[in-house]
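So the protein sequences, as listed, match chains F and U. Sequential numbering of the first sequence, starting at 800, is according to the numbering used here. Sequential numbering of the second sequence, starting at 665, is according to the numbering used here.
Hints were generated in silico from the structure; no laboratory data involved. Among the hints, erroneous ones may be present.
As the list claims (entries may be wrong) - Partner residues aside, some chain U positions facing chain F, computed with beta carbon under 10 angstroms:
1) Ile718
2) Val720
3) Glu757
4) Asn761
5) Ser766
6) Gly768
7) Lys772
8) Tyr778
Unchecked claim - In silico lysine-lysine, DSSO-like type, Cα no more than 27 angstroms apart, as pairs:
9) Lys792/U x Lys883/F
10) Lys883/F x Lys804/U
11) Lys792/U x Lys772/U
12) Lys791/U x Lys883/F
13) Lys895/U x Lys969/U
14) Lys845/U x Lys883/F
15) Lys845/U x Lys791/U
16) Lys951/U x Lys892/U
17) Lys791/U x Lys725/U
18) Lys792/U x Lys845/U
19) Lys883/F x Lys772/U
20) Lys895/U x Lys951/U
Unchecked claim - Restraint ranges, calculated between C-beta atoms of paired labels, are given here:
21) Ala739/U x Ser986/F: 55 to 63 angstroms
22) Glu850/F x Thr798/U: 55 to 63 angstroms
23) Ala840/F x Met797/U: 37 to 45 angstroms
24) Arg675/U x Thr819/F: 41 to 49 angstroms
25) Glu961/U x Lys883/F: 32 to 40 angstroms
26) Ala1035/F x Asn775/U: 34 to 42 angstroms
Backbone N, C-alpha and C define an ideal beta-carbon position, used for all residues, glycine too.
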Amino acid sequence: MNLNAVWTIYIFEMRRFFRTITQSLISPVLSTSLYFVVFGAAIGSRIQEVEGVSYGAFIVPGLIMLSVMTQATSNASFGIYFPKFIGTIYELLSAPISFLEVVAGYVGAAATKALFIGVIILITAFFFVDIQIAHPFAMMLFLVLTCVSFALLGFIIGIWADNFEKLQLIPLLVITPLVFLGGSFYSISMLPPVWQTITLFNPVVYLISGFRWSFFGEADVAIGVSLFAIALFTGACLAIIWWIFRTGWRIRQ
Amino acid sequence: MSAIVSVKNLRKAYAGGFEALKSVNLDIEEGEILALLGPNGAGKTTLISTICGITVPTSGKITVGGFDTQTQFRAARDLIGLVPQEINLEPFETVMNSVSFSRGIFGKSRNDAYIEDVLKQLSLHDKKDSKIMTLSGGMKRRVLIAKALSHEPRVLFLDEPTAGVDVELRKDMWEVVARLKASGVTIILTTHYIEEAEAIADRVGVINKGEILLVQDKADLMAQMGQKQLKIELTDAAATIPDALAGYDLARADDGLSLTYSYDTTGERTGITTLLNDLQKAGLQFKDIQTQQSSLEDIFVGLVKEKP
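Just chain F, with the same shape it has in the complex (with noise of 0.2 angstroms):
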């Protein structure tokens, strides 16, 4: 194992991150809090309590899942496809490094990047709402899973995206959405029935609900069939990974 490989691919994406601190921290933590300004204090106040909880506190942990998925997967996405654009890939393919230790460079700084603003998040959110975090460990268990679990997602995008547009495809036309109809903003007790079950399919749903568990005790699914779900996600995304190092598919001519 190449550890000196996988810190220098670390400590360089950290660095990016911090270079474009505006970009990378500020806008998406300025974003969220419009979220809490618009739905919590003035949509919100008019929404009675969701679950026993208060609408505002209720979409806190929606808010960290919309945030950390897109953050994660942009990230590490960006983050190998760059090199492939501007074709410095060529020094990762002829260092003495494996594929895998690449993906846990650039996976490791992605999911950094998104804990760093998940937790950022988080904080502010005390600014704005009361909230009490039932199970904290359970809670950065959760996050972490989800920052790690996304980036894969987000590292598979960039070797298969070939232009910036592909880069842009997957996570406005499906995360984004996922996102949005999985939960973050409501329960799904709160739809009609059929949609309960169409909602199921989402499992974007999974994450938030157990998510959600941890800050509230409360959930739209049990806790373990949130656990079961970001696993198997994590699995997928490592298997693709995992084919995509056997036949260097997009990276190796």
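Let chain F serve as the given structure and place chain U on it in line with the hints.
Then chain U, alone, in the frame of chain F:
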């Protein structure tokens, strides 16, 4: 000397059926400078990319320092530094960080003193904290070399290092290459510029259409294949070549004021003395004579043309 890089029956075919390399065999001796010459699309870059691990071979075997580049890729790649043809650099990073990154991914711990030394040798030291996008083209090429040297490789591949580089910088590059050779690094460079191969290589390989046409000691190659020409300028124009001189390989200039005699330097007798005697006997007065040796370029063009 032993081969530090050994390529056996290397073949590379792309999905579309294009065969970029056709059963290439090549041994590169430790400590030498090998220049690979070939026209565009000859397979130079594919060969280098395959040795370095960027391209996967279709079949064949490559060893570097005795290590198989497929099964022992870590040990093999540890020994290799690659300077690519394109200027591929992260524009927003500083020179120092970019070069240190290269060292890091080769598994070496950060060593600023060593990196600074490399930068000094490449006259880049005063730019170490500059962002790469602020550097000139020539400077960027030096950064690529610094990156390739960052992990102290024993074999350095330079893929067209002086393409688009001005004459002064090219000479600087040659000096850098000479210093590296002196420190024991084996250097393989591809080039379009025959003069470059002529100036710095120990051996020359000619590659065309995915095949190595020859690999030979530069001096031997030039001596073996070198035709020499003797140009004789005449005082008065000769209307024809006199019959007495019919036995010689002579060409008359259109204006009749000079004759060119071609001869082989490898022959025991060049025939120059008898030719000059016979010229006098034929009544031709000459005012000047000069010799010309064919350059590597002539040899190269000849070779590539021979195999259409």
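Evaluated hints:
| no. | hint | in the structure |
| --- | --- | --- |
| 1 | Ile718 | 5 angstroms, holds |
| 2 | Val720 | 5 angstroms, holds |
| 3 | Glu757 | 8 angstroms, holds |
| 4 | Asn761 | 7 angstroms, holds |
| 5 | Ser766 | 6 angstroms, holds |
| 6 | Gly768 | 3 angstroms, holds |
| 7 | Lys772 | 7 angstroms, holds |
| 8 | Tyr778 | 15 angstroms, violated |
| 9 | Lys792/U x Lys883/F | 25 angstroms, holds |
| 10 | Lys883/F x Lys804/U | 19 angstroms, holds |
| 11 | Lys792/U x Lys772/U | 20 angstroms, holds |
| 12 | Lys791/U x Lys883/F | 26 angstroms, holds |
| 13 | Lys895/U x Lys969/U | 26 angstroms, holds |
| 14 | Lys845/U x Lys883/F | 32 angstroms, violated |
| 15 | Lys845/U x Lys791/U | 25 angstroms, holds |
| 16 | Lys951/U x Lys892/U | 20 angstroms, holds |
| 17 | Lys791/U x Lys725/U | 41 angstroms, violated |
| 18 | Lys792/U x Lys845/U | 25 angstroms, holds |
| 19 | Lys883/F x Lys772/U | 24 angstroms, holds |
| 20 | Lys895/U x Lys951/U | 11 angstroms, holds |
| 21 | Ala739/U x Ser986/F: 55 to 63 angstroms | 57 angstroms, holds |
| 22 | Glu850/F x Thr798/U: 55 to 63 angstroms | 56 angstroms, holds |
| 23 | Ala840/F x Met797/U: 37 to 45 angstroms | 44 angstroms, holds |
| 24 | Arg675/U x Thr819/F: 41 to 49 angstroms | 45 angstroms, holds |
| 25 | Glu961/U x Lys883/F: 32 to 40 angstroms | 37 angstroms, holds |
| 26 | Ala1035/F x Asn775/U: 34 to 42 angstroms | 41 angstroms, holds |
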